[in-house]
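Peer 1: Kindly generate the complete structure, drawing on both the sequences and the hints.
Protein chains: 2
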Amino acid sequence: MNPILRILERTDGSVTSIIEALTGERAKIKTIEQKVIGASPEIAEKLNINEGDEVNFRVVDIFSAGIRFARAVSYTPLKRLDESFKRDLMSADIPVGKIIRKYKLEVRREINWSCIKENELGKCLVRNYSIIHRGEVLINITESFPFSAFDGLRWE
Amino acid sequence: MNPILRILERTDGSVTSIIEALTGERAKIKTIEQKVIGASPEIAEKLNINEGDEVNFRVVDIFSAGIRFARAVSYTPLKRLDESFKRDLMSADIPVGKIIRKYKLEVRREINWSCIKENELGKCLVRNYSIIHRGEVLINITESFPFSAFDGLRWE
Numbered sequence: 300m301n302p303i304l305r306i307l308e309r310t311d312g313s314v315t316s317i318i319e320a321l322t323g324e325r326a327k328i329k330t331i332e333q334k335v336i337g338a339s340p341e342i343a344e345k346l347n348i349n350e351g352d353e354v355n356f357r358v359v360d361i362f363s364a365g366i367r368f369a370r371a372v373s374y375t376p377l378k379r380l381d382e383s384f385k386r387d388l389m390s391a392d393i394p395v396g397k398i399i400r401k402y403k404l405e406v407r408r409e410i411n412w413s414c415i416k417e418n419e420l421g422k423c424l425v426r427n428y429s430i431i432h433r434g435e436v437l438i439n440i441t442e443s444f445p446f447s448a449f450d451g452l453r454w455e
Numbered sequence: 300m301n302p303i304l305r306i307l308e309r310t311d312g313s314v315t316s317i318i319e320a321l322t323g324e325r326a327k328i329k330t331i332e333q334k335v336i337g338a339s340p341e342i343a344e345k346l347n348i349n350e351g352d353e354v355n356f357r358v359v360d361i362f363s364a365g366i367r368f369a370r371a372v373s374y375t376p377l378k379r380l381d382e383s384f385k386r387d388l389m390s391a392d393i394p395v396g397k398i399i400r401k402y403k404l405e406v407r408r409e410i411n412w413s414c415i416k417e418n419e420l421g422k423c424l425v426r427n428y429s430i431i432h433r434g435e436v437l438i439n440i441t442e443s444f445p446f447s448a449f450d451g452l453r454w455e
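Chains as they are written, first to last, in our numbering: chain G, 300 to 455; chain V, 300 to 455.
These are calculated hints, taken from the structure and not from any lab test. Be aware that one or more of the hints could be misleading.
Repeated chains share a single entry, so a pair holds when one copy, or any two copies, can fit it.
[Unchecked claim] Keeping only pairs whose Cα atoms sit at most 20 Å apart, straight-line, the calculated EDC-like set for lysine to aspartate or glutamate is:
| id | residue 1 | residue 2 |
| --- | --- | --- |
| 1 | Lys-397 | Glu-409 |
| 2 | Lys-403 | Glu-435 |
| 3 | Lys-416 | Asp-352 |
| 4 | Lys-422 | Asp-360 |
| 5 | Lys-397 | Glu-341 |
| 6 | Lys-329 | Asp-387 |
| 7 | Lys-416 | Asp-360 |
| 8 | Lys-329 | Glu-344 |
Only a predicted model underlies this, so the values are computations on that prediction, with no experimental measurement involved.
Peer 2: Here you go:
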């Protein structure tokens, strides 16, 4: 696996910052799907909320320099968001890491698992982590990084 | 500048995790210097404390796979540390990022500046950032990353 993917597998920092460092260009988000759902038992457990609680479900692709570097599928309990964060998350194409920096939230990222698998983007590094704020899961994210996007990169 | 250095310049995550991802081996810290000092006017301003307040000054080198990847010079106001964090910082060779994860601290990293310059390690990327916890500077760190350590890396 190339060293950038090894870094993305383990980092507890913003993935968007890493992608922007690679290309030298701003990352852009394309929202594929975004809706509010009631938490299933599985999601309720993952987020430590009650079944049926409102959750924002968001699927976005992260592009930079015209390359799709990642797809991120996230679940966010609405009751843990303040209004401005919620507005940015639900109606604007802003990466989560940037929203967190914008509002100067203090967080930690807890990586739950990672693996290599084929999905709709081809062969990918896939990892799941939670962003924790005030001791609670603010967001649970599953990111897929297609090998093809990173294999095209070369050292200068 | 090679892509790993570009990532290190911008990341708001743990530098140790990135170095460990590169080598596949645990990072080790070698403490070069560690002492408690009274804050000078400049340090007091940087940390938002009073002149003369006690500050831990620490210089460490970060090694992995036998390579020195970074030197980190840090200033930490002692009054903002709880006892266990203080003990790990002052008497154990543990990277700051690992101490933060160990105690599950929620933080944000605010990057203040970066530049390329020659210092005692040769030509380096140098950056300064603060780790913020509960709205206060917990640590201010200046990291030097010698180009020579990273230029030796190759894609697999």
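Peer 1: Work down the list of hints and note, for each, if the structure agrees.
Peer 2: So, going through the hints one by one against the coordinates:
Taking the shortest Cα distances, Lys-397 and Glu-409 sit within 20 Å of each other both inside one copy (18 Å) and across copies (13 Å). Taking identical chains as interchangeable, the C-alpha atoms of Lys-403 and Glu-435 lie at most 20 Å apart whether they share a chain (17 Å) or sit on different chains (12 Å). Proximity of Lys-416 and Asp-352 under a CA criterion of 20 Å is satisfied in neither setting, with 31 Å inside one chain copy and 53 Å between copies. Taking the shortest alpha-carbon separations for Lys-422 and Asp-360, only the intra-copy value of 16 Å comes in at or below 20 Å, while the best inter-copy value is 37 Å.
For the homomeric pair Lys-397 and Glu-341, neither the shortest alpha-carbon distance inside one copy (28 Å) nor that between copies (30 Å) is at most 20 Å. Taking the shortest Cα distances, Lys-329 and Asp-387 sit within 20 Å of each other inside one copy (14 Å), while across copies they are farther apart (43 Å). In this homomeric assembly, Lys-416 and Asp-360 come within 20 Å of each other (Cα to Cα) only inside a single copy, at 18 Å, whereas the closest approach across copies is 37 Å. Taking the shortest Cα distances, Lys-329 and Glu-344 never come within 20 Å of each other, neither inside one copy (28 Å) nor across copies (41 Å).
The structure shown violates the earlier hints numbered 3, 5, 8.
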